Amino acid sequence: ILNVEQSPQSLHVQEGDSTNFTCSFPSSNFYALHWYRWETAKSPEALFVMTLNGDEKKKGRISATLNTKEGYSYLYIKGSQPEDSATYLCAFVQGGKLIFGQGTELSVKP
Amino acid sequence: GAGVSQTPSNKVTEKGKYVELRCDPISGHTALYWYRQSLGQGPEFLIYFQGTGAADDSGLPNDRFFAVRPEGSVSTLKIQRTERGDSAVYLCASSATGSSNEKLFFGSGTQLSVL
Chain W
1 ILNVEQSPQS LHVQEGDSTN FTCSFPSSNF YALHWYRWET AKSPEALFVM TLNGDEKKKG
61 RISATLNTKE GYSYLYIKGS QPEDSATYLC AFVQGGKLIF GQGTELSVKP
Chain Z
111 GAGVSQTPSN KVTEKGKYVE LRCDPISGHT ALYWYRQSLG QGPEFLIYFQ GTGAADDSGL
171 PNDRFFAVRP EGSVSTLKIQ RTERGDSAVY LCASSATGSS NEKLFFGSGT QLSVL
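Residue numbers (my numbering), protein chains in the order written: chain W, 1 to 110; chain Z, 111 to 225.
Chain W with its partners taken away, still in its complex shape:
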């Protein structure tokens, strides 16, 4: 199983700040890259599934980009709100299953 790395491990920002974090994955045999948000006491929820190099996805204030040739994806949050506080997980598809990174824990202070 190949590694998926996320950075930073945790992030503390003020309400209104924009922020971004990184997911690094193997650049060979790419199928898809997933992003999930996991709020405390809830289930992980899918944000994006990205399949093509150069893909950009957007959902409200959250967007993501994908570079399969160099093996990274960025997740951006514009104007962070306290309700954005959660752990953000990326996952690389390998052999029909998702291999998750360790997550980036985001805390947004009002």
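Among the hints, erroneous ones may be present.
Said to hold, decoys possible - Heads up, simulated DSSO-like pairs for lysine-lysine below, C-alpha to C-alpha not over 30 angstroms straight-line:
| id | chain 1 | residue 1 | chain 2 | residue 2 |
| --- | --- | --- | --- | --- |
| 1 | W | K78 | Z | K213 |
| 2 | W | K57 | Z | K213 |
| 3 | W | K59 | W | K69 |
What the hints assert, rightly or not - Computed footprint of chain Z on chain W; a stretch qualifies when at least three of its residues, placed anywhere within it, have a C-beta under 8 angstroms from a C-beta of chain Z:
| id | stretch |
| --- | --- |
| 4 | 20-34 |
| 5 | 37-50 |
| 6 | 98-107 |
Stated by the list, open to error - Derived list of chain Z stretches under chain W, where covered just means 3 residues or more per stretch with a C-beta under 8 angstroms from a C-beta of chain W:
| id | stretch |
| --- | --- |
| 7 | 121-128 |
| 8 | 185-195 |
| 9 | 205-213 |
Because the hints were derived from the structure by calculation, they are not lab data. Keep in mind it's a predicted model, so treat the numbers as computed, not measured. Positions of the beta carbon are idealized from the N, C-alpha and C atoms, including for glycine.
Dock chain Z against the given chain W, drawing on the hints supplied.
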């Protein structure tokens, strides 16, 4: 059902005991996944079912762990002779067909504590 349901939500057991964790996926979803998450780590793959059969069980840590999905819907993860290191959140997820570009729908997990 409306979403993926996992029971129990919490399970406390003693070292050496047997436990069963249940997952009820979204109706009609053929793919079902079990993951385990320990503190500070991302979800770790355990096993993946396509219908009734285990398509990939390479993540099961040892032969104390076993999972079934006899009718292609509900799945049970079984852990024999539990050890303290088995303490974790056990997550179940399902997807419609198991295609790599489909998002997974997760349950809220079972928090297993082995004393």
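**Request:** Identify every previously stated hint that the structure contradicts and give their numbers, smallest first.
**Result:** The structure conflicts with hints 7 and 8, although it agrees with all the remaining ones.
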